[in-house]
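Under this note's numbering, the first residue of the sequence shown is numbered 177, with each subsequent residue one higher.
It cannot be assumed that every hint is accurate.
[As the list claims (entries may be wrong)] Calculated cross-link-like contacts (lysine-lysine; reagent style DSSO-like; alpha-carbon spacing at most 30 Å):
hint : residue 1 : residue 2
1    : K396      : K452
2    : K395      : K516
3    : K452      : K494
4    : K331      : K516
5    : K369      : K452
6    : K452      : K311
Hints are computed from structural coordinates only; laboratory data are not their basis.
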Amino acid sequence: MQFLFAPILGGLSDRYGRRPILLISLFGLGIDYLFMFFAPSLFWLIAGRCIAGMFGASFTTASAYIADVSTAENRTKNFGLIGAGFGIGFVLGPALGGYLAEYGLRIPFLAAAGLSLLNLTYGALVLKESLPLAKRRPFSFSRSNPIGAFMQIKKYKKLALLFAVIFLYYFAGMAIHSSWNYLTEGKFDWTPKDVGISLAVVGICVAVVQGFLAGTFSKKYGDKRTAQIGLIVFFFSLLGIGFVSSGWILYALMIPYAFTGLAGPAIKAIMANNTKDDEQGELQGTITSLVSLSEIIGPLFMMGLFTYTTANIPDDQKIYGSPYFAAAFFVLLAFMLFNKALRKK
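Construct the entire structure; sequences and hints are all you get.
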């Protein structure tokens, strides 16, 4: 649903401004979580998740807002803060949900509704519009849908290869998002508690790097070099996870892995700096659709490969690291495309 609606919300924010789209999305999320709290069956719960995906595509508008209020010098830092927010959310959210579920399996949905509506109140009182009337453009559904958004990529000739880099970067990340539990439980006999702790540590490390170091790296080395550093570290971290032979080594790899978070904000900053002000929503909508597409097919590919190399195979022949080796290849390809894109300016 994010794949389908991200370009639409991005296009609407280019026409009507960022503030109303963000506030409507927060209201929609709050109502939707109440919808899921009262859902009488699995069908209605899934329907609720679809609605959440529609309004969750507001990440596009939030990114466009960041692009509006940032300068070329601090865009990487500000995009990094968005990533840090996600990292912290991924740590605190499951912990809060797990705690509240002790009082009832539906209670976490009620808490999510309350937080969304509280966020709506805060936004209504504090959030100012970032896109002046003079910089808005007419809404066009032919441009503001996934197919139309991808067709618009050819318009961004300077950025065409960077769209591919963004897709490969997030597609490779699905190796960890989809198979981490199965790798650690199958290879090192970790319990669900062990897995939860490890994911919390990863989330904290990534949040620190994106929130506090992305801007510093960008200021010192520039966006191009910062992105290259992030991609190189990503490549070797994936290989390390694929070859690791002991569980404690995974914790040692978490710190360098966290620096892979430098690449995303830097690449997005480069793209935003080369896009007109009245097209930032459209750009971020296309990027969000690409990321969502990677999150749709990435887990299917990575877990299919993991299953092929581990299921019904003798223990001494299982290749638990297969998704990570594949992901390392995709990151290497992204690195090569990124360098080619920057050579072409």
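Status of the hints after comparison with the structure:
Distance check on the hinted pair: K396 and K452 sit about 26 Å apart at the alpha-carbon level, within 30 Å; holds. Simply put, K395 and K516 have alpha-carbon atoms about 23 Å apart, close enough for the 30 Å limit, and the pair holds. Restraint check for K452 and K494: not satisfied, since their Cα atoms lie roughly 50 Å apart, outside the 30 Å limit. Between K331 and K516 the CA atoms are separated by roughly 18 Å; this keeps the pair inside 30 Å, and the hint holds.
Under the criterion of a C-alpha separation no larger than 30 Å, the hint pairing K369 with K452 is inconsistent with the structure, at around 47 Å. Proposed proximity of K452 and K311 is supported: the alpha carbons are some 9 Å apart, at most 30 Å.
Hints 3 and 5 from the earlier list are contradicted by this structure; the remaining hints agree with it.
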